[in-house]
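Number of protein chains: 2
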Amino acid sequence: MTNEQLMAATAVNLWNLGISRANKLFLDATPKELEHAVAPGKNRLIYIWGHLAAVNDAMLPLMGLGPRLHPELDEVFITAPDRTAVKEFSPAEVKKMWIEINEKLSAEFAKLTPADWLKKHSAVSDEDFQKEPTRNRMAIMLSRAGHIGYHLGQAMLLKP
Amino acid sequence: MTNEQLMAATAVNLWNLGISRANKLFLDATPKELEHAVAPGKNRLIYIWGHLAAVNDAMLPLMGLGPRLHPELDEVFITAPDRTAVKEFSPAEVKKMWIEINEKLSAEFAKLTPADWLKKHSAVSDEDFQKEPTRNRMAIMLSRAGHIGYHLGQAMLLKP
Numbered sequence: 001m002t003n004e005q006l007m008a009a010t011a012v013n014l015w016n017l018g019i020s021r022a023n024k025l026f027l028d029a030t031p032k033e034l035e036h037a038v039a040p041g042k043n044r045l046i047y048i049w050g051h052l053a054a055v056n057d058a059m060l061p062l063m064g065l066g067p068r069l070h071p072e073l074d075e076v077f078i079t080a081p082d083r084t085a086v087k088e089f090s091p092a093e094v095k096k097m098w099i100e101i102n103e104k105l106s107a108e109f110a111k112l113t114p115a116d117w118l119k120k121h122s123a124v125s126d127e128d129f130q131k132e133p134t135r136n137r138m139a140i141m142l143s144r145a146g147h148i149g150y151h152l153g154q155a156m157l158l159k160p
Numbered sequence: 001m002t003n004e005q006l007m008a009a010t011a012v013n014l015w016n017l018g019i020s021r022a023n024k025l026f027l028d029a030t031p032k033e034l035e036h037a038v039a040p041g042k043n044r045l046i047y048i049w050g051h052l053a054a055v056n057d058a059m060l061p062l063m064g065l066g067p068r069l070h071p072e073l074d075e076v077f078i079t080a081p082d083r084t085a086v087k088e089f090s091p092a093e094v095k096k097m098w099i100e101i102n103e104k105l106s107a108e109f110a111k112l113t114p115a116d117w118l119k120k121h122s123a124v125s126d127e128d129f130q131k132e133p134t135r136n137r138m139a140i141m142l143s144r145a146g147h148i149g150y151h152l153g154q155a156m157l158l159k160p
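From first to last, the protein sequence lines stand for chains C and D. Under the working numbering, the letters of the first sequence match residues 1 to 160, in that order. Under the working numbering, the letters of the second sequence match residues 1 to 160, in that order.
Worth flagging that the hints you see were computed from the coordinates, not collected in a lab. Treat the hints with caution; some may be incorrect.
[Stated by the list, open to error] Here are the simulated lysine-lysine pairs, DSBU-like style, with alpha carbons at most 35 Å apart:
hint: 1; chain 1: D; residue 1: K131; chain 2: C; residue 2: K104
hint: 2; chain 1: D; residue 1: K32; chain 2: C; residue 2: K159
hint: 3; chain 1: D; residue 1: K42; chain 2: C; residue 2: K87
hint: 4; chain 1: C; residue 1: K24; chain 2: D; residue 2: K131
hint: 5; chain 1: C; residue 1: K159; chain 2: C; residue 2: K42
hint: 6; chain 1: C; residue 1: K95; chain 2: D; residue 2: K42
hint: 7; chain 1: C; residue 1: K159; chain 2: D; residue 2: K159
hint: 8; chain 1: C; residue 1: K24; chain 2: D; residue 2: K119
hint: 9; chain 1: C; residue 1: K32; chain 2: C; residue 2: K42
hint: 10; chain 1: C; residue 1: K119; chain 2: D; residue 2: K120
hint: 11; chain 1: C; residue 1: K119; chain 2: C; residue 2: K96
hint: 12; chain 1: C; residue 1: K120; chain 2: D; residue 2: K120
hint: 13; chain 1: C; residue 1: K104; chain 2: D; residue 2: K120
[What the hints assert, rightly or not] Stretch by stretch, here's where chain C covers chain D in the computed footprint (C-beta under 8 Å, at least three residues):
hint: 14; region: 12-24
hint: 15; region: 35-47
hint: 16; region: 104-117
hint: 17; region: 131-137
hint: 18; region: 140-154
We put the beta carbon where it would ideally sit given N, CA and C, even for glycine.
Given the sequences, and given the hints that come with them, work out the whole structure.
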């Protein structure tokens, strides 16, 4: 592998680790456990799960990897704070979308060359990207891996 | 910048973002706020701060960037769970070490070439590194940036 291929692989590992830890936590949780809030008055586990699914799904257009698979997640898990959405998704529905979204992301990541990783993401203008070339696809992936870890830290508070 | 320089810079940005968010949270906290637990019976903010300082300090030898600056943090913030250490550090002491450690890390990161980032870390054998070349210094930095975010997610639960 070249240096740039190795760096891309090292960065993707951070993503994979986040997904694998999240899977361990969410896929094994019972519907009752998913109803627990991570701290009094704070988000329930099911909300965090759906929220991560929504934010991951939004990476597809942001990274220029295709249209969103489940934009319907946003009104329940991003726009509305927990317990306020008029609509609900069951744990089985969230699970199905979560797996589908992450499989799509993995498949797309696997196709990217180092130069692809360094292309601009869609929320930055050509002009700004000239000045700040680190606002690239790799930056989005790393930041969203960090986002998974951020909420996993909260979710882990439910462990004894 | 070359592709590999850009990738290293993109990865270092994740670290810088984590440190900057942590600074915003911890440096502005009052001694009273630092005594709050992130959830009932869970770690106090001061413990999380000292814990992050200890783990960051340990990156120095792990990444081959020099000896530890404050190994004395470990018995209070790593070995002992919160509220059980026989010794205590004041918020001012933690702050001083936290700043010193992160400034040292930043200074060392700034000297690394892309090839340096891809050298093995000290907890992997030559033989294993041959097989898994992603067990490099960049992987440590990314994983520890994730570690900061993990605990920041918990600390942010104290915000209204």
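Hints and how they fare:
{"no.": "1", "hint": "D:K131 with C:K104", "verdict": "28 Å, holds"}
{"no.": "2", "hint": "D:K32 with C:K159", "verdict": "26 Å, holds"}
{"no.": "3", "hint": "D:K42 with C:K87", "verdict": "33 Å, holds"}
{"no.": "4", "hint": "C:K24 with D:K131", "verdict": "26 Å, holds"}
{"no.": "5", "hint": "C:K159 with C:K42", "verdict": "16 Å, holds"}
{"no.": "6", "hint": "C:K95 with D:K42", "verdict": "29 Å, holds"}
{"no.": "7", "hint": "C:K159 with D:K159", "verdict": "21 Å, holds"}
{"no.": "8", "hint": "C:K24 with D:K119", "verdict": "31 Å, holds"}
{"no.": "9", "hint": "C:K32 with C:K42", "verdict": "16 Å, holds"}
{"no.": "10", "hint": "C:K119 with D:K120", "verdict": "28 Å, holds"}
{"no.": "11", "hint": "C:K119 with C:K96", "verdict": "30 Å, holds"}
{"no.": "12", "hint": "C:K120 with D:K120", "verdict": "30 Å, holds"}
{"no.": "13", "hint": "C:K104 with D:K120", "verdict": "31 Å, holds"}
{"no.": "14", "hint": "12-24", "verdict": "holds (count 4)"}
{"no.": "15", "hint": "35-47", "verdict": "holds (count 4)"}
{"no.": "16", "hint": "104-117", "verdict": "holds (count 3)"}
{"no.": "17", "hint": "131-137", "verdict": "holds (count 3)"}
{"no.": "18", "hint": "140-154", "verdict": "holds (count 11)"}
Hint compliance for this structure: no hint is broken.
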